[in-house]
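Construct the entire structure; sequences and hints are all you get.
Here's the letter readout for the chains.
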Amino acid sequence: MTAAELIAFAAFEGGVFSQAFPAFGVERRGAPVQAFVRFSDEKIRLRSQVYEPDYIIVQDPTLIGDVDVFMGMEAGGIAIINTEKPDFDAMVPKGVKVYAIDATTIALEELGVPITNTTLMGAFAAATGEIQLEPLEHALRSRFSGSMADKNVRAAERAYNLVGGAA
Amino acid sequence: MALRIGCVAPPGRALDNKTGAWRVFKPVFDPETCSKCGMCTTVCPEGCVRETEEGTFEPDLDYCKGCGICEEVCPKKSIRMEKEEK
Amino acid sequence: MAEVEKGCELFSAGHRACGGCGPALAARLLLKATGENVIIAAATGCMEVFSTPYPETAWAVPWIHSLFENCAAVASGIEAALKRQGRTEKVVCIGGDGATLDIGVLCISGAFERGHDITYICYDNEAYMNTGIQRSGATPYGASTTTSPAGKCSRGNPRPKKDMPRILAAHGAPYVATASIAYPNDFVQKVERAINTPGPCYIQVHTPCCTGWGFESGETLNMAKLAIETGLWVNYEMVDGEVVKAKKVMRKPVEDYLEKQKRYRHLFKPARQDDEIAKIQAIADANAKRFGIDIKKKESSE
Amino acid sequence: MLEFMEGSHAVAEIVKRCRPQVIAAYPITPQTHIVEDLAQMVANCEIDAEYITVESEFSALSACLGASAAGSRVYSATTSQGLALMFEVCFNAAGMRQPIVMTIANRSLGAPLSIWNDQQDSISLRDSGWLQFYAQDNQETADLHMIAYKVCEDHDVLLPAFVCFDGFILSHTYEPVSLPTQEEVDAYLPAFNPYQRLDAAAPLSFGMYATPEYYTEFRYEIDQALYRAKDAFVRAGREFGEQFGRDYSALVEGYRLEDADTALVAMGSICGTAKDAVDEMRAAGRKVGLLNIRMFRPFPAQEIADALKGVSTVAVLDKNISLGSGGAVGTEVKAALYGSGISVYDYIIALGGRDVRKRDIAAVVDLAEKGEGDMFYGLRTEVL
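Chains as they are written, first to last, in the working numbering: chain A, 1 to 167; chain B, 168 to 253; chain C, 254 to 555; chain D, 556 to 939.
Hint data in this document are derived by calculation from the structure and do not stem from the laboratory. Please note that a few of the clues may not be correct.
What the hints assert, rightly or not - The calculated SDA-like cross-link candidates involving lysine to any residue, where the alpha carbons are at most 25 angstroms apart (straight line), are:
hint, chain 1, residue 1, chain 2, residue 2
1, B, LYS244, C, PHE468
2, C, LYS336, D, ARG752
3, C, LYS513, B, ARG247
4, C, LYS513, C, GLY390
5, B, LYS244, B, ASP183
6, B, LYS193, C, PHE468
7, C, LYS513, C, GLN526
Everything numeric in this text was worked out from a predicted model, so none of it was measured.
Below you can see the structure in the form of structure tokens.
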């Protein structure tokens with residue numbers, strides 16, 4: 001949910017309307033969870049869950065195979081997947097572009113903890129072009145303070161540049 | 168009378184209810200034997216036993232229900248319950 | 254005794270309690286102790302009903318009744334509001350034994366645990382008198398009530414009184430006391446001490462009910478006194494959880510108290526129930542032992 | 556200025572700016588974020604209030620009642636089972652005419668246990684004497700809190716209010732919200748001026764009992780006060796519009812109802828999805844509109860009848876079920892339109908967090924136009 005919130009926040013900082021919400025549940029820490037984000041140039045009124053995503057972010061690669069993470073995606077969609085071993089091509093729908101990034105390693109190196117929200121946010125920004133670096137950094141700096149802000153900005157930028165190079 | 172918002176009332180109106188009418192027996196106070204200890208007024212559940220100027224006590228019969236507690240506690244036996252004449 | 258008579262009547266005549274009502278006397282004495290600078294939060298019950306039919310309130314101090322079981326929570330809110338407004342009124346709850354020992358325990362426990370500066374007075378007449386004398390957690394062992402009636406296979410209420418003072422002392426209440434309308438000054442002094450002790454304090458005052466217990470209305474104080482003299486009611490104080498003082502007595506046998514009340518009539522008629530009376534005597538003996546109330550008899554002085 | 560925040564946080568922020576002196580609340584999903592935020596604000600001295608950490612919802616509202624009677628502005632929040640536990644105090648607080656404002660993060664009632672959203676909880680208290688406002692989005696949620704305090708504390712009203720927003724769907728959603736500053740809120744909402752209070756300087760007895768001679772008249776007065784709340788809401792809503800540019804002077808809000816043949820009627824966040832669905836249906840040439848009921852208590856029967864004049868079919872989306880009798884909103888809308896010749900159909904929908912999509916709204920309109928209604932929408936018959 002934090003990643004969804006941050007992405008929506010950064011998009012809002014970038015000048016569009018946005019909305020982020022979790023797939024509400026009773027899950028305890030560590031259990032798989034889903035969260036949704038919408039962007040729009042107009043005020044967002046729609047409250048239903050997202051069934052046909054333009055973009056997906058998979059934070060935990062072990063879900064792939066257990067859960068159809070690509071459900072509802074159509075050609076032209078973009079998937080950002082946190083993984084060390086990108087070996088799931090067979091499951092990717094036709095026309096969906098996949099960006100595999102080892103966000104866990106980046107997060108560990110930059111933040112010291114395997115929390116990949118901000119890293120994947122950088123990757124998302126670069127892969128989709130929906131968020132520019134400046135609002136992204138602004139969002140992170142209003143969410144985190146001091147050295148934590150610096151570290152998270154670095155993690156996001158590293159992912160941004162990595163994916164940006166690939167894109 | 169306009170109803171007060173929220174079923175709220177100022178003090179005083181309980182006195183409209185003259186509970187003396189409930190009485191079967193009434194206490195008769197004898198000031199001659201009274202030791203002025205005040206126990207009768209202390210223990211009255213109605214709070215209707217008043218001190219007189221002489222320091223003795225008398226019941227307010229508008230409210231006295233005739234329970235007889237004052238008679239029971241009077242150390243000088245100077246209160247006597249009598250059948251109410253109606 | 255005259256010292257408790259200072260000031261005007263804050264609990265006014267004209268209320269609709271039965272003649273000889275113990276709780277009505279407790280209400281009068283309570284307000285003698287608190288004076289005018291108080292806010293009363295009352296629970297539903299006999300006292301609430303006999304003192305406040307709209308618009309004839311007997312209360313000359315600010316008074317609020319909300320529900321049966323919530324006066325401690327209502328008082329919590331009042332205390333918080335007064336604190337925030339910088340006001341000085343003392344906050345006092347008053348509830349019967351049903352409201353206090355049974356249905357209101359949740360709210361009372363919460364208020365005491367949170368440490369609000371309130372005093373809770375339970376007037377204990379040992380059953381639900383408002384609704385017609387049903388058993389409560391304060392009904393003593395052996396008493397016949399409409400929901401614990403004596404019968405072919407029942408000898409009245411099968412359980413002893415719940416020990417509410419100890420429960421609230423265990424909440425960390427700085428001052429807990431029991432009192433009796435048989436000793437008006439003692440009750441008044443205990444209320445004064447409670448309202449002047451910061452934090453949640455509790456007083457359970459024994460208030461015989463002539464209607465519910467079955468005795469003549471003039472006997473109310475005599476009955477309260479007998480409860481103490483038999484050891485079935487003990488007047489004591491607990492400070493920070495420790496019993497510091499208990500009224501000593503030359504104990505009388507419990508049947509002196511029991512035989513005067515209709516609620517215990519089944520213990521004497523049609524046949525005397527010695528085993529049941531012995532059980533009640535054992536309760537008094539245990540009280541005497543726990544609180545050390547027995548005055549040792551000196552042969553010569555008798 | 557728009558800021559991006561969680562719905563619950565928007566509520567806590569606006570409540571802070573409404574300056575309650577006493578807050579008493581018991582945590583329950585999905586209300587928790589609101590009370591956690593407020594507790595933190597108290598801990599940070601950002602808000603000059605007593606926060607009473609009560610042991611139950613029952614005590615939460617009881618403490619609010621006491622504090623309100625003592626003359627303080629109060630606040631609480633709850634949902635679902637917590638509101639059910641407050642049932643007795645709800646009726647009591649309204650009868651005692653205490654202007655308590657409470658947020659309801661709407662949630663279903665068990666059994667079966669469900670933490671998810673519908674509006675069964677607040678709807679079930681519809682007879683309690685509380686005003687009920689339903690918010691479409693988090694902006695409205697925040698705004699309605701300010702309006703609620705103003706309406707409740709109006710001496711012509713003196714009643715408590717639920718500000719209802721859909722649990723999770725709004726409470727846990729992050730979206731842009733514009734919150735007035737403290738100075739702006741102070742300018743709109745004056746300090747609490749209690750009509751009467753517990754006060755040793757002027758003693759009063761509160762919560763006395765009424766004999767049959769008086770009871771009916773007291774209930775009549777509460778009912779009258781509820782109707783006066785309509786005018787107070789219109790005034791407060793208009794004033795809000797003048798000050799903040801968002802007008803709430805209408806008890807019901809019509810959306811593309813002009814020339815509509817079929818009208819949806821709904822409350823809360825489902826209206827957002829329904830508006831998008833209406834736009835799509837309009838684009839496809841269908842004459843469909845929406846009526847959002849913003850104030851459910853007092854029930855705006857006349858306003859609904861006026862707004863729906865001219866439509867031939869009405870489809871009510873009911874996120875509740877008055878078991879054994881159909882949806883509560885539908886029943887009341889039918890009564891409001893009695894004799895108008897308009898066909899009114901009721902649809903029980905979105906219970907216990909069942910997601911609603913635009914196509915579901917369109918499907919409801921199809922059913923209504925076919926004359927099929929008064930039913931559970933989208934029943935999974937395969938599991939029955």
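Results of checking the hints against the structure:
1. Straight-line distance between C-alpha atoms of LYS244 (chain B) and PHE468 (chain C) comes to about 21 angstroms, which keeps the hinted pair within the 25 angstroms bound.
2. At most 25 angstroms may separate the alpha-carbon atoms for a hinted pair to count; LYS336 (chain C) and ARG752 (chain D) meet this at roughly 15 angstroms.
3. This hinted pair checks out: LYS513 (chain C) and ARG247 (chain B) have alpha carbons roughly 22 angstroms apart, not beyond 25 angstroms.
4. Restraint check for LYS513 (chain C) and GLY390 (chain C): satisfied, since their Cα atoms lie roughly 22 angstroms apart, inside the 25 angstroms limit.
5. Straight-line distance between C-alpha atoms of LYS244 (chain B) and ASP183 (chain B) comes to about 32 angstroms, which puts the hinted pair past the 25 angstroms bound.
6. Note on LYS193 (chain B) and PHE468 (chain C): the hinted pairing holds, with a Cα-Cα distance of about 18 angstroms set against a maximum of 25 angstroms.
7. With a C-alpha separation of about 15 angstroms, the suggested pair LYS513 (chain C) and GLN526 (chain C) falls inside the 25 angstroms cut-off, and the hint holds.
The structure fails hint 5 only (numbered hints given earlier).
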